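Chemist: Each chain, letter by letter, is given below.
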Amino acid sequence: MATTASFIIVSRNDIPIYEAEVGSATKREDAAQLHQFVLHAALDIVQDLAWTTSAMFLKNIDRFNDLVVSVYVTADKSVRCITLKAFSIRYFLDIFKHTRLMLLHDSRNDDGIKSFFQEVHELYIKVLLNPLYLPGARIASSHFDTKVRALARKYL
Amino acid sequence: MDPAGTPLGKMLLEEITPVVMVLRTPSVEEACVKNGLSFVEMLSPFCNFSNIDVPLRTSSDQPYRLHKFKLRLFYESDVRQPNIEVAKERLKQVITKAGEKENLELISDPPQVSNLLDSSKSELLPSWFEYLNKELIRTASFSEHETFDHPVGCLLVVSSKDEQPINRFIDLFNTNKLPSLLNDGAMDPKILKHYLLVHDNHDGSSEKASKILSEMKSTFGTNECHLLCINSSQDAKMEHQDDPWASYLKDLMHEFSSKHVIPYMEQKVRILNQQVSATRRGFRNQIKNLWWRKGKDDPNEMPSGSMYTFSSIESQIRVLGDHAFMLHDYELALANYRLISTDYKLDKAWKRYAGVQKLGSSGQQNATRCGLWWIEMLKTRDQYKEAASVYFRICSEELLHSAVMLEQASYCYLFSKPPMLYKYGFHLVLSGDRYRKTDQIKHAIRTYRSALSVYRETTWSYIRDHVHFHIGQWYALLGFHDVAVRHMLQVLACSHQSKATQELFLRDFLQIFQVSGFSFHGLVSLGQMLSYIKQFDLSLCI
Numbered sequence: 001m002a003t004t005a006s007f008i009i010v011s012r013n014d015i016p017i018y019e020a021e022v023g024s025a026t027k028r029e030d031a032a033q034l035h036q037f038v039l040h041a042a043l044d045i046v047q048d049l050a051w052t053t054s055a056m057f058l059k060n061i062d063r064f065n066d067l068v069v070s071v072y073v074t075a076d077k078s079v080r081c082i083t084l085k086a087f088s089i090r091y092f093l094d095i096f097k098h099t100r101l102m103l104l105h106d107s108r109n110d111d112g113i114k115s116f117f118q119e120v121h122e123l124y125i126k127v128l129l130n131p132l133y134l135p136g137a138r139i140a141s142s143h144f145d146t147k148v149r150a151l152a153r154k155y156l
Numbered sequence: 157m158d159p160a161g162t163p164l165g166k167m168l169l170e171e172i173t174p175v176v177m178v179l180r181t182p183s184v185e186e187a188c189v190k191n192g193l194s195f196v197e198m199l200s201p202f203c204n205f206s207n208i209d210v211p212l213r214t215s216s217d218q219p220y221r222l223h224k225f226k227l228r229l230f231y232e233s234d235v236r237q238p239n240i241e242v243a244k245e246r247l248k249q250v251i252t253k254a255g256e257k258e259n260l261e262l263i264s265d266p267p268q269v270s271n272l273l274d275s276s277k278s279e280l281l282p283s284w285f286e287y288l289n290k291e292l293i294r295t296a297s298f299s300e301h302e303t304f305d306h307p308v309g310c311l312l313v314v315s316s317k318d319e320q321p322i323n324r325f326i327d328l329f330n331t332n333k334l335p336s337l338l339n340d341g342a343m344d345p346k347i348l349k350h351y352l353l354v355h356d357n358h359d360g361s362s363e364k365a366s367k368i369l370s371e372m373k374s375t376f377g378t379n380e381c382h383l384l385c386i387n388s389s390q391d392a393k394m395e396h397q398d399d400p401w402a403s404y405l406k407d408l409m410h411e412f413s414s415k416h417v418i419p420y421m422e423q424k425v426r427i428l429n430q431q432v433s434a435t436r437r438g439f440r441n442q443i444k445n446l447w448w449r450k451g452k453d454d455p456n457e458m459p460s461g462s463m464y465t466f467s468s469i470e471s472q473i474r475v476l477g478d479h480a481f482m483l484h485d486y487e488l489a490l491a492n493y494r495l496i497s498t499d500y501k502l503d504k505a506w507k508r509y510a511g512v513q514k515l516g517s518s519g520q521q522n523a524t525r526c527g528l529w530w531i532e533m534l535k536t537r538d539q540y541k542e543a544a545s546v547y548f549r550i551c552s553e554e555l556l557h558s559a560v561m562l563e564q565a566s567y568c569y570l571f572s573k574p575p576m577l578y579k580y581g582f583h584l585v586l587s588g589d590r591y592r593k594t595d596q597i598k599h600a601i602r603t604y605r606s607a608l609s610v611y612r613e614t615t616w617s618y619i620r621d622h623v624h625f626h627i628g629q630w631y632a633l634l635g636f637h638d639v640a641v642r643h644m645l646q647v648l649a650c651s652h653q654s655k656a657t658q659e660l661f662l663r664d665f666l667q668i669f670q671v672s673g674f675s676f677h678g679l680v681s682l683g684q685m686l687s688y689i690k691q692f693d694l695s696l697c698i
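Here the protein sequences come in this chain order: A and B. Using my numbering, the first residue of the first sequence is number 1, and each one after it goes up by one. Using my numbering, the first residue of the second sequence is number 157, and each one after it goes up by one.
Hint data in this document are derived by calculation from the structure and do not stem from the laboratory. The structure displayed is predicted, hence computed values, not measured ones. Wrong hints could be hidden among the right ones.
Claimed, not checked - Restricting the straight-line Cα-Cα distance to at most 30 Å, the calculated cross-link-like pairs of lysine-lysine (DSS-like) are:
1. A:Lys27 <-> B:Lys593
2. B:Lys346 <-> A:Lys147
3. B:Lys333 <-> B:Lys346
4. B:Lys573 <-> A:Lys59
5. A:Lys59 <-> B:Lys415
Said to hold, decoys possible - Anything over 10 Å on all C-beta distances counts as not near chain A; from chain B, calculated:
6. Glu197
7. Ser200
8. Lys248
9. Gly255
10. Asp265
11. Phe285
12. Asp340
13. Lys535
14. Ser552
15. Lys579
16. Lys593
17. Asp595
18. Lys598
19. Thr615
20. Ile619
21. Asp621
Yeah, the Cβ is synthetic: ideal placement off N, Cα and C, and Gly gets one too.
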């Protein structure tokens, strides 16, 4: 069955450092922008939740029509200089936002999604270990991209 | 917890009040018209109590006193739904007119997020929301689903001049002439009845009237009958407050409300609450309902009409909730509304499966009205996030209606603690999209401009492109080409987009730029422009 799935890795500054449409359904023109809007809006919810639980895998935290957002919060707390944007001042804790793996999906496949997140997380850690990679920058490696897409096909 | 503090809350407290239907003979009306008023107009001022001071008990037996109370009087001919199409058109006019605001503000830079967060709610919220919500609620009046407006009681009024007054009383409650609400099973036709004999002192002594009154009392019961003496003046003007007979009116309505209507409603709440508790609540009953649901509802269902007749449990919960609300027992009201919302969801699903079409627009209006009330309650408890989700839920296929609901939802996200700015932006975009689809371009620009406070420097490429491109197009539509170009420039570096989209962006940009050509006062130097274009796939330019 054709599924819709959009995967984004969001840095601590709420900047996307990696994006991929990984669903099996054919890509529609306006789908990409809707997906970005929904995932972006879900960041507010993640922020609320991330501090109430120590779990990394947060499933189905938000929805829009038949699209559901699941998130995997990584534990990297590397010290960085963050520019304090106006809305961060309000909640001091915002400074310590984690890198988040976010998936927008329409299927209900919690186990598959969790496995997908865990394996992508491992890939991400390998990227971080690369001394030439600047944390918070876009992940441009095509190797990474290929592997993520393969994992998506396997688990989603 | 009292929603009376908010404007909508105040309005709801005035509008969601018990309805008393008035049935009167022509002679009664004549007597009043002599004074320049209809019977309802004459009595209505006396139906608004700032401190009726009636003791009541809540469902959990807590005593409290009712202070503010109001009755709404309607003639039987008015107890029906207002014309939906007319109402819709009026709402559209309101929205269009509201959009005709200062152009200067429309083209100025959107506020910084920090300013947004520091502004008060009244500074940010468009002022016409309140009026629009009130109108939406009014258009849902008197539907069979909306039990707020179902009369709780009835005043039968006959004049002392009428022949055979007792028979006239009986005739008045003739089912043929009664509103369909009472006849088609939407509400319980057994309502509180009160008999009023009107005697105009101008017509002679009240001896005859007293005789008729005793006859009434022996026929209908001592407590249910009253004599109202009015004093028509020679000329058409009615005399005001210091007129002695005005106090009769006040006392009459006071007694009617405090000794009849309110106790009657309280009793009804008690009975319904017991019934509802017995059948609805309780874990065991919920399971039972899941299994036995369809079998139970079949006898009540009418294939062509509504599913909820007055005797169905869902209808009873609704009446219970409404009565509780009107008697200011908000906890009980809220509890019952929660029950209903789950019920309606299940039933909607069942209906779709069975292929039965619900009454379309009136069902939606009912949902809107109920939703707006619920939202008001949530807002007074500072539950803005929940309020936003209710706004989202009461959206329908009706685009303009959805646009306004989505915009109101966005503000709820902004006002929640902590503020959900991304949700705010997203719902503004959803709203603006619908405004555009209903040709409300100024509103579309207004919402997208507000969204830009959040999205101004976003790195999410598709979001950026979407907002800047569309607002640029719309500015161009209205002739603000300078501003349009400024926004279009933001989308030119779009190598992430498909080829078709890139072409579209470039083409529109060039079109707009061409038109603005001479008015574009070097805001962007040619060099800057070229640096944007450099990032393009140059094959497009050929």
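Chemist: Can you give the numbers of the hints that this structure goes against, from lowest to highest?
Modeler: 2, 5, 15, 19, 20 and 21
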